[in-house]
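Student: Each chain, letter by letter, is given below.
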Amino acid sequence: MNTATTKLLRNNRCLFLAYDQGFEHGPTDFDDKSVDPAYILSIANDSAAYTGIIFHEGIAQSYYDKAKETVPLIVKLNGKTSLHPDEEPYSPQLCSVDEAVRLGATAIGYTIYIGSSYEGKMMEEFSRIEDEAHTKNLSVILWAYPRGKNVIGKEQDKDVVAYGARIALEMGADFVKVPYTGSIENVQWIVRSAGTTHVIVQGGTKVDEQTILEEATICKKAGVTGMAIGRNIWQSPDPIAISKKLAAIIYED
Amino acid sequence: MNTATTKLLRNNRCLFLAYDQGFEHGPTDFDDKSVDPAYILSIANDSAAYTGIIFHEGIAQSYYDKAKETVPLIVKLNGKTSLHPDEEPYSPQLCSVDEAVRLGATAIGYTIYIGSSYEGKMMEEFSRIEDEAHTKNLSVILWAYPRGKNVIGKEQDKDVVAYGARIALEMGADFVKVPYTGSIENVQWIVRSAGTTHVIVQGGTKVDEQTILEEATICKKAGVTGMAIGRNIWQSPDPIAISKKLAAIIYED
Amino acid sequence: MNTATTKLLRNNRCLFLAYDQGFEHGPTDFDDKSVDPAYILSIANDSAAYTGIIFHEGIAQSYYDKAKETVPLIVKLNGKTSLHPDEEPYSPQLCSVDEAVRLGATAIGYTIYIGSSYEGKMMEEFSRIEDEAHTKNLSVILWAYPRGKNVIGKEQDKDVVAYGARIALEMGADFVKVPYTGSIENVQWIVRSAGTTHVIVQGGTKVDEQTILEEATICKKAGVTGMAIGRNIWQSPDPIAISKKLAAIIYED
Amino acid sequence: MNTATTKLLRNNRCLFLAYDQGFEHGPTDFDDKSVDPAYILSIANDSAAYTGIIFHEGIAQSYYDKAKETVPLIVKLNGKTSLHPDEEPYSPQLCSVDEAVRLGATAIGYTIYIGSSYEGKMMEEFSRIEDEAHTKNLSVILWAYPRGKNVIGKEQDKDVVAYGARIALEMGADFVKVPYTGSIENVQWIVRSAGTTHVIVQGGTKVDEQTILEEATICKKAGVTGMAIGRNIWQSPDPIAISKKLAAIIYED
Amino acid sequence: MNTATTKLLRNNRCLFLAYDQGFEHGPTDFDDKSVDPAYILSIANDSAAYTGIIFHEGIAQSYYDKAKETVPLIVKLNGKTSLHPDEEPYSPQLCSVDEAVRLGATAIGYTIYIGSSYEGKMMEEFSRIEDEAHTKNLSVILWAYPRGKNVIGKEQDKDVVAYGARIALEMGADFVKVPYTGSIENVQWIVRSAGTTHVIVQGGTKVDEQTILEEATICKKAGVTGMAIGRNIWQSPDPIAISKKLAAIIYED
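One line per chain: the protein sequences are A, B, C, D and E, in this order. The first sequence begins at 18 in this note's numbering and counts up one residue at a time. The second sequence begins at 18 in this note's numbering and counts up one residue at a time. The third sequence begins at 18 in this note's numbering and counts up one residue at a time. The fourth sequence begins at 18 in this note's numbering and counts up one residue at a time. The fifth sequence begins at 18 in this note's numbering and counts up one residue at a time.
Treat the hints with care, since some could be wrong.
One copy or two, either will do: identical chains are not told apart, so a pair holds if it fits within one copy or between any two.
[As the list claims (entries may be wrong)] Derived pair list, reagent style BS3-like, types lysine-lysine, alpha-carbon separation capped at 30 Å:
| id | residue 1 | residue 2 |
| --- | --- | --- |
| 1 | K153 | K50 |
| 2 | K237 | K261 |
| 3 | K138 | K85 |
| 4 | K238 | K166 |
| 5 | K50 | K238 |
| 6 | K50 | K171 |
| 7 | K171 | K223 |
| 8 | K24 | K85 |
| 9 | K138 | K166 |
| 10 | K50 | K175 |
| 11 | K262 | K24 |
| 12 | K83 | K24 |
| 13 | K153 | K24 |
Think of the hints as simulated: they come from the structure by calculation, not from any bench.
Assemble the whole structure, with the sequences as input and the hints as a guide.
Tutor: Written out as structure tokens, the structure is:
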């Protein structure tokens with residue numbers, strides 16, 4: 018395990034605060050508070066619950082001060098807007114590994130839409146990024162999200178999600194971020210398929226607090242390394258409280 | 018804020034004289050006077066109203082003397098003619114950052130057609146240009162114009178335009194040029210979505226003088242940094258007078 | 018104006034002998050004499066009427082002796098055969114700028130099919146060629162020919178041809194070669210749209226001698242810099258005589 | 018024959034343990050034991066039956082310790098998931114030759130889908146990889162698998178498979194991995210078409226033990242250099258036993 | 018004429034032994050003898066009839082010993098299988114010029130399918146190869162074969178074949194290999210269209226001995242430099258005899 022990966026773990030577990038939704042969904046996810054990246058950083062700092070925060074390049078440039086922030090930076094290298102809902106989506110690289118290094122990143126993130134007809138193009142791009150990032154001592158996180166007409170309706174199926182997790186292992190990712198698949202047994206098979214690659218489960222759309230805490234408990238029992246959560250935190254009326262509750266579940270022995 | 022960006026501001030506001038229409042629309046926008054780039058430069062010099070002038074490479078080469086001009090040069094790096102009205106438009110890069118530096122540019126401009134199915138290709142290209150331009154101490158202006166069948170009829174919708182402004186922030190642009198969306202509240206949300214990125218509103222097709230001055234007043238109240246105007250200036254019978262009136266609105270405290 | 022451009026002018030006017038038809042149309046344009054590039058060179062030498070001769074790379078390699086020829090060489094860098102009549106044509110680059118330099122070229126030529134759906138691809142390619150050619154002290158000639166379903170039937174329209182001439186200015190060409198549009202007024206607007214870029218009119222298919230001389234007269238009166246003529250010369254029974262008559266019209270004060 | 022190729026041979030024959038199915042088919046090929054790459058390595062080590070083991074980059078990174086493993090490593094450079102069953106498949110490069118060298122590889126593998134409309138694209142990619150791998154003293158193994166509508170139903174035809182084997186020779190591969198074509202005569206023609214290139218036959222889907230041993234016997238008699246087998250080993254209840262039986266057939270004089 | 022071109026001539030004429038059919042048609046062209054490249058080399062050596070032998074990279078690597086062979090090597094750089102009969106064919110580059118140099122090549126060969134909608138792509142590729150090969154003192158042979166729906170049925174028409182020969186001249190090839198067009202007059206026009214480029218006629222499918230000798234006689238009378246023949250040699254019962262008869266026709270004064 019490289020030293021960058023170690024920095025993203027606390028008690029061998031992780032919790033990432035996701036804030037790439039301004040790119041992926043646009044400002045409609047935000048209100049007057051959450052539209053401001055400084056507010057998100059304050060949640061991370063005040064809750065002390067996170068081992069990583071996920072930004073695109075521009076947000077990191079203007080809001081993340083690498084000389085003083087304590088939560089490690091994860092720069093998401095590719096992205097796609099929701100303005101054109103392609104049946105077979107592709108997410109292009111929009112930030113170089115070198116720029117991520119300049120911004121003070123500990124890790125980079127990259128999405129492959131598993132099952133899309135552009136899957137191979139994203140795999141090619143990711144394979145080069147993975148090599149370069151490891152050479153430059155960054156940790157590598159693969160977003161493995163099923164998309165496209167061949168997997169439609171199966172985005173949370175055990176076998177499809179496990180395939181995505183396996184790809185992460187076969188391609189050398191340190192972490193793989195996957196959808197939640199709904200039972201301890203399912204999540205266990207995904208963890209097993211990923212081998213030495215750390216599995217992290219995404220939070221997804223805003224649900225009630227009890228639901229997200231139960232998901233975290235199931236994931237923990239199934240052996241995942243952690244979770245990456247955004248809307249369920251900063252759309253919450255009390256982001257600090259929910260952050261601390263999740264941290265208690267994820268990091269406990 | 019880099020020093021190039023500072024050069025484009027007066028009292029923390031900006032007014033840009035746009036003259037890329039010969040490329041985007043052809044000479045039909047011009048009459049015997051406005052077809053001549055020297056005439057446009059004389060408007061900028063004589064009115065003293067502008068903090069930037071927008072040219073394509075060839076016009077800058079032949080008409081902008083970097084040793085003697087006082088209005089900063091903005092070189093538009095990509096462009097598309099109106100000869101083939103593509104449903105999903107793409108605007109290719111037609112000038113390098115290095116050439117812009119040689120021409121004496123203070124900033125470069127680049128258009129992303131937000132919503133077009135080629136959006137991702139333009140984003141990729143812009144992401145490389147943004148890095149290179151910042152490395153070479155240029156300011157970076159993103160033209161974020163909604164286009165394509167998924168946003169048709171919504172080119173001036175608050176949420177679509179705010180999405181474009183957000184993309185500019187997420188990708189690290191210093192300025193974002195957007196369509197006018199019609200009310201103080203709408204423009205305010207766009208400014209808020211853009212965070213630390215300066216919002217500038219485009220002038221668009223020729224309207225009567227009162228209309229463009231009212232738009233400027235609304236934009237100013239909503240908190241934009243400035244405007245970029247072309248046809249409403251050089252198609253006017255008195256370009257100097259209208260330039261001075263706009264400057265009075267934009268730069269006043 | 019760079020020194021290479023100056024070499025292509027006589028009394029600030031130019032006349033180019035075009036011989037790229039073997040590539041564009043095939044040997045069917047030729048008879049037993051004109052199929053031989055040495056014959057074409059002899060017309061240029063014996064008439065003393067030309068300020069440039071247009072060849073593709075291979076012809077220049079085998080027939081143009083840079084140590085002894087007196088008429089400046091213009092190497093056409095891209096080309097397209099007539100074997101597959103594409104509705105939306107593209108003309109690929111087939112010779113590098115460096116190779117043109119080795120061959121002793123004073124200028125390079127490049128075609129953009131204005132209006133074609135591949136227009137943007139040719140513009141991108143031309144923009145890189147223009148930069149490189151100017152860096153290496155060559156003059157740059159843009160062939161701006163309207164093609165494609167959006168301009169079909171308008172290949173000689175004033176506004177379409179003026180748009181092509183304007184693109185040449187906006188992109189930094191030294192010369193733009195355009196179709197003949199048929200009246201002094203039309204050609205004047207094209208010259209005005211091209212600004213500091215020299216306009217040269219193409220000769221086109223073989224017409225009777227009186228017609229081509231009248232065209233030359235109209236072009237001269239409209240303010241063009243010159244003409245580029247091929248078939249009307251070397252398909253003529255007396256190429257030397259027609260060359261001298263054209264030269265008299267073009268170069269006279 | 019380069020020294021890397023020699024390392025993959027025992028008594029001028031070879032037997033490779035294939036484990037790229039996690040990438041090509043997903044974890045559905047695995048059970049709780051075979052999902053673990055460490056288990057596969059233990060089969061190779063404990064049976065002493067193999068002259069090579071086939072992994073993708075990520076598995077090699079995390080499980081293959083080049084300082085201590087004795088079975089030579091073959092890194093598969095391209096791959097394709099089964100999530101989108103393309104009529105005309107393409108398999109992109111996902112690992113560089115340099116990365117294979119760093120991982121301690123003795124050989125690289127690459128698939129060309131012979132007959133696919135993307136065949137030419139894979140051939141281009143393979144031609145560059147073959148040059149680079151040979152320059153860096155690696156052996157080169159071509160997977161030549163017929164795919165696509167023009168060869169559907171003929172994936173095991175003598176002439177189609179022989180064509181694939183010939184391509185391997187014409188392109189400079191050291192080994193070619195081909196489907197089993199079912200008779201000594203057929204396999205002999207394939208071996209003859211491959212000239213100096215070593216032919217290895219794939220094991221394919223799980224069959225009963227007697228069947229796979231008979232195939233090995235036929236292949237041996239036809240003059241192949243060896244086989245590459247995966248599922249018929251690690252889906253077997255006794256992988257060590259079947260490995261030793263195959264080795265006895267393949268390596269015997 | 019460069020020195021490499023000179024090496025391919027005997028009495029200013031040439032005869033090439035073609036053996037790229039294993040790539041273009043597959044082993045179905047071969048029998049048990051002709052499938053072996055060593056047999057083909059023995060024909061060249063024993064007949065002393067040839068000024069060049071045509072191989073793909075892999076065959077040259079394994080069978081052509083540059084330290085001892087006397088017949089010059091021509092490496093074919095691109096190729097296409099017959100497994101997918103594309104209406105508009107493209108033949109990708111599969112060997113670099115540098116690799117051809119390492120193999121001891123005197124010349125490289127490259128096919129452009131004249132008339133194919135991919136013609137431009139092959140021309141672009143060939144233009145770069147031609148420059149590089151000449152820089153490295155290799156001779157350059159263009160295979161100019163009419164293909165595609167726009168020339169179907171006209172693959173041996175005088176004007177179409179002459180156009181291909183002209184392209185070879187316009188692009189700087191030293192030799193152009195063309196189909197046989199059937200009369201002295203036709204072949205003469207092709208030779209004239211090719212200017213300083215040497216015309217060589219292909220042998221094509223196996224015909225009876227008298228026919229191929231008559232074709233050679235007509236070609237010789239029409240002024241071609243030579244022929245490139247494969248199947249009519251190594252599918253013949255007496256390859257040495259037919260080779261010598263052809264040589265007598267081609268090389269005689």
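Student: Which numbered conditions among the earlier hints are violated in the structure presented, ordered from lowest to highest?
Tutor: Hints 1, 3 and 4 are the ones this structure does not satisfy, whereas the remaining hints hold.
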